Structures are given as C-alpha cells and as structure tokens.
Amino acid sequence: MPPLSGFMLVFRVPHVNALSALRYTPPTMIAFVIRRIALTLPVAWIVVTLVFGLIHLVPGDPIAQMLGEGASVTEVARLRHELGLDRPVLEQYRTYLAGLYHGNLGVSFRDQQPVAASIRSRFPATMELAFAAFILSILFAVPAGVVSAIRRGRFADQGLGLVSLLGVSLPNFALGPLLILLFSIALGLLPVSGRGGILQLILPAATLGMGLAATTMRMVRGSMLEEIQQDYVRTARAKGLRERTVLFKHALRNGLIPVITILGLQMGSLLVGSFITETIFSWPGLGRLTIQAINARDYPLAQGCILTISLTYILINLLTDVMYSVVDPRIRL
Amino acid sequence: MNSLFRHNKLALAGFVIATFLVVAAVLAPWLAPFNPAGQDLTKRLEGPSWQHPFGNDELGRDILSRLLMGARVSMRVGGTVVLISGITGVLIGGLAGFAGGKLDTFVTVIVINSLMAFPGILLAIALVAFLGPGLDRLIFALVIIGWVGYARLARGQVLKIKTLEFVEAARAMGATSARVFFLHVLPSIIQPVLVQASIGMATAVLAEASLSFLGLGITPPAPSWGAMLNDGRNHLFDAPHMVVFPSIALVLTVLSFNILADAFRDWLDPKSLKY
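Protein sequences, first through last, are from chains P and W.
Yeah, the first sequence ends on 333 if you go by the working numbering, and it's all consecutive.
Yeah, the second sequence ends on 275 if you go by the working numbering, and it's all consecutive.
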C-alpha cells in the first residue's frame, strides 16, 4: 500500500467505522490507533500533574525566591495571593486544570504577559529549527548510509563511520561553538546568530541535526546491509534490473522501515536539543525562553514552557507510532 | 578480559582512554599544575604556552588545571549516578519481573512507561530548575531519570531467565524466593547491566555537562566542562582555545565509554552484527 493512501485511510475511516472496529478486533489499524491514543492520555495526565507539582519542589518559599532578597512581607503576600499559592493544594490543582482546558497557563511574573501568548509567539521558531534540522539530517543520512553499505569496509565506509562516531559523541554545546568558529569566524561564510533568512538557519540546524544524522546514518547502513542479502534482491538482479533500481526501488524501500521509527523518536530529541542549540545561537524559540525563564526564576513561565515541550514530544511520538503502523502493518499491537 | 581486546583495537583504545580519564580524575589535585580557581588577570585569555599548555580563561585561570578538576566532577557525577540508578533500577525492575502480577503491571505500565514517555533530559532540566542548582540536586535529578533504563532492562532479562531450568531446579530443591532471586537470577543478568552501565556513564557525563552549560548544574566557581564551554562561548573571537580543549575532553570521554559499551556487547554476544 503506498504510504499516502494509507495515511489518508487513518483519518478518513474512523467516522464511518470506528465503533465496529472497537467491537471487532485485533489487528485493524483503527483499533491500533484508538488503543495508542488511549495509552497516551494517562501519560499526558501524569505529565500535566508533574508539571503542576514542580513549583512545590522549590526549596523554601518560591515567592520569596522569585522576588529575591529585600522583598517586603506585604509584597510577598500579595504575589502569593495573585498566583493562588495561598489556597489549598487541591483547589490550586483544580484551577490549574481548568485553566489548561481554556488554554490559560497563567501570567508571567516578569513582564505580566499571559504565558500562553509568549509561548505561542516562540513556538514557531522552535518548530522551524527542529524541522530544518530534521530535513538536513535526512538529506545527509540516507545517501551516506547507502554509500556506506554498498562500499562496506572500503575507504568511504570507514570515513563515514568515523564521521558518524564523532557525530554521536560530539554534544550540541561543543559542536555549535566549533561550527561558529569554523564557518563564521575563520571562513566568514555564515552569520553567528539570530533568526531571519535561510543563511541564519544553516548553522543551528546543522548543530541540532548532527546527532540525528549520525544515528540515522548508522541505521540506514545496518538496515541496507541486511536487505542487500535478501533473496528478493538477488531475484531483482537476476532478472536484469539496473543496480540503481535494485538498490533504491527495492532494497532501500524495505530498508527504511526500521529507520522511520528511530526518526520519529529522535524528532522528539530535537525538541529537547533545542534548549542548548537555541541558547548558543540566540535563536528566539521555546528552548531559550525556558532557560531564560528558569534563570529569571519566572516559575509560571518555566512551567508553561516545560509543559508545552513535553506535550509536543508526546504528540510527536504518538504520530510516529501511527505513521509506523501505516508503513508496516506488522507493527500493530 | 583478554579476549575482549584481542581482536578489537578500537575497544583497547577506548579502554585505555577511559582508564586514563579515571586515573587523571582521581589524581587531579596532584596533577594539576596550578590552582584551578587561582586567578591571574595579567594572563587573561592568553593562548597556549609552555607554562600553560591549554592557555588561560577570562579570569586568567589555567585551563589544563580546570580541565583536570572538571574531569573529577564529571567522573564523580557519572560514577555516582550509574551506581545509584543501576542498583535501584535493577532491584525495582528485577523484582517486578520476578514477582509478576499486579506489582509488575504497576511498575512497568504506570511508572516506567510514563517516565520513558517523556524525554529524560527535559525532566532533569525541570527538576533542577525548580530544586535549584548544586551537585547533590544534579545527581538526584539524573538518578530520577536514569534508573528507568536499568529497570526496563532488568525486568526483560528476569522475565526471560526465570523460566529457565536452573531456576526451576533451585526452587525444586526448596530455595526461598529471596534466595532464588538474589543468588540465582540476579547474577545471570549482570552482563547486559554492565553494557547499560557503560552507556549510562557516557550519558550521565553528557547530561552533567549539558546542565552545567545551561547554568543549571554545578555552581560557578567549581570547574565543570559544560560551564567552561559556556564561558568560552563569549570569547569565540578572541580566545577559541577556551572552547576547543573542553570540547576535546568531553568528546574523548563520551567516545571512550560508548566504544567500551560496544565492545562489551560484542564480547557478550559474538553473533551480533558488527558495525
């Protein structure tokens, strides 16, 4: 089944058929999707609850911490009342959940802006960066993995192997400055920081995507090595197909299946990597906002950011699993 | 051990580097040529020289000495985190798998799945952000996210092992459940746990450096590789050596522990596809 039509199927059929799918059973796609969503809800609830609980972890009085030394008792009391921290915990929890339901994440302590608004304005930048990193790493990883597999043990394979080993071991916060040093300072080719044109996107995306590119490349290589040995590849060659067709139309298509799962899981790790990458390149996204909020002890804003990132991560994993079941019908639980 | 390195030069290199790092970390106070906190503003941002092979930082502190003391912090965090989370994880996961039933359902379905469902380092950032910075809190946060991996691994292994004949034989001979678990089952899962511990070491060192880089880990005067990289970031133009040397140290550490983990894995399972 070509992926696109399968993908459409997921979103179309439920209206017609969801109930019968529930009643009837195991390995239908709808049942899998519903089950997977059902598994996600409790996790999302736990995350929401954990994030709510965070502010109670602050040692001493969070309000005094926020205001810093030299705050008067009345100021502390006023802010505590404003944030609702003087009410019983259960009631705070209920208010918090109700707020979430209405998309209200509270008010930032520093600039008195609604937290939800600040997050909304920063969110696109983070997604843009993550998406660019994702594309960049696939563009590198797939061809590199294929070359590495067909040239197994040769110079190209060893060279690429070294690159991927470095990619896995070099953390974002070491790679970023090194890239700036090379491309911005020594060669003067790319801007150091900020967001705007495509040029400014290259370095941060490369920094963020490096780890993903390296792991994906190793996956593609391993998976291609396995596929190349399969009988159907021999058959394809025997019937006289061109090597390019055998590799790309036959082997690669099967070889990419396991790679897709890893990619999905890693898409989530790109979100997390954004904390560091955005900080290095002064990228105006959610990751940098979170760190700024934490350093400013702006607890409501930090809570909102952490919650948004966690939920986005969970959502991406959910989508990946669903996509995966579309690509490979054997996966459905 | 001999067979571990005989056919694998890369593994040997990893082992040598890892050992070197651990020794350097232990002996750091004696090896460091200067006081890692000693400031000398006349040597501010100076590049590498005979006296200061890795140069000086923005406060004129000797980078080599700071790297050595930083290795101590990294190894201490890594070692402690691996030890505590390894023991906790293996016990919890192992017991859940061994006992089965409701306990197992609770531990795996609820606790482990929820923790695995959301990114470890984000949880660590959240915890440290609200608990405040400091070595003990950092270790606490890393243990909270770290034990889950061991628990999942141990549970899987125990589930496999508890159906084997030697376990049944032990029971038939009248051994108590505790005896079967601690003396028969646990020792058989130690090898995969070692692989996980080696990866865990690399992960913990990286996590500590990441958090310190973001200003959420070790508090400033104490040297941490992550914090050193963060300081260096502001001097990319005038003192690139501030970024280069800590990067190299970090990469070597992570690389050596990852290589060791790979080597352990191949050694334990010779059939696995070699990279």
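Honestly, the hints are just simulated from the structure, not real lab data.
It is possible that part of the hints are untrue.
Said to hold, decoys possible - Simulated pairs of lysine to any residue, SDA-like, Cα-Cα distance not exceeding 20 Å:
id	chain 1	residue 1	chain 2	residue 2
1	W	Lys9	P	Phe155
2	W	Lys102	W	Asn113
3	W	Lys9	P	Pro42
4	W	Lys9	P	Lys249
5	W	Lys9	P	Leu252
6	W	Lys43	W	Lys160
7	W	Lys102	P	Leu166
8	W	Lys162	W	Phe182
9	P	Lys239	P	Leu252
10	P	Lys249	P	Ile138
11	W	Lys102	W	Leu153
12	W	Lys9	P	Arg154
13	W	Lys160	W	Val143
14	P	Lys239	P	Ile228
15	W	Lys102	P	Arg154
16	W	Lys9	P	Gly153
17	P	Lys249	P	Asp231
18	W	Lys9	P	Ile228
19	W	Lys9	P	Val163
20	W	Lys9	P	Gly159
21	W	Lys43	W	Leu59
If you're wondering where the values come from, they're calculated on a predicted model, not measured in any experiment.
Checked hints:
1. W:Lys9 to P:Phe155: With a Cα-Cα distance of about 18 Å, the restraint between Lys9 of chain W and Phe155 of chain P holds, given a limit of 20 Å.
2. W:Lys102 to W:Asn113: holds, 15 Å
3. W:Lys9 to P:Pro42: violated, 48 Å
4. W:Lys9 to P:Lys249: Status violated; Cα separation ~38 Å.
5. W:Lys9 to P:Leu252: Violated - the C-alpha atoms of Leu252 of chain P and Lys9 of chain W are around 32 Å apart, more than 20 Å.
6. W:Lys43 to W:Lys160: violated, 61 Å
7. W:Lys102 to P:Leu166: Violated. Lys102 of chain W to Leu166 of chain P sits at ~44 Å, over the 20 Å cutoff.
8. W:Lys162 to W:Phe182: holds, 12 Å
9. P:Lys239 to P:Leu252: holds, 18 Å
10. P:Lys249 to P:Ile138: Within the cut-off at roughly 18 Å; holds.
11. W:Lys102 to W:Leu153: Answer holds: Lys102 of chain W to Leu153 of chain W is near 19 Å, not above 20 Å.
12. W:Lys9 to P:Arg154: holds, 18 Å
13. W:Lys160 to W:Val143: violated, 26 Å
14. P:Lys239 to P:Ile228: It holds: about 15 Å lies between the C-alpha atoms, which stays within 20 Å.
15. W:Lys102 to P:Arg154: violated, 53 Å
16. W:Lys9 to P:Gly153: holds, 16 Å
17. P:Lys249 to P:Asp231: Given pair Lys249 of chain P, Asp231 of chain P holds - Cα atoms ~15 Å apart, limit 20 Å.
18. W:Lys9 to P:Ile228: Roughly 28 Å between the alpha carbons, so the hint for Lys9 of chain W and Ile228 of chain P is violated.
19. W:Lys9 to P:Val163: The given pair, whose Cα atoms are some 18 Å apart, holds under the 20 Å limit.
20. W:Lys9 to P:Gly159: Roughly 17 Å between the alpha carbons, so the hint for Lys9 of chain W and Gly159 of chain P holds.
21. W:Lys43 to W:Leu59: holds, 8 Å
Of the numbered hints given earlier, the model fails hints 3, 4, 5, 6, 7, 13, 15 and 18; all others are met.
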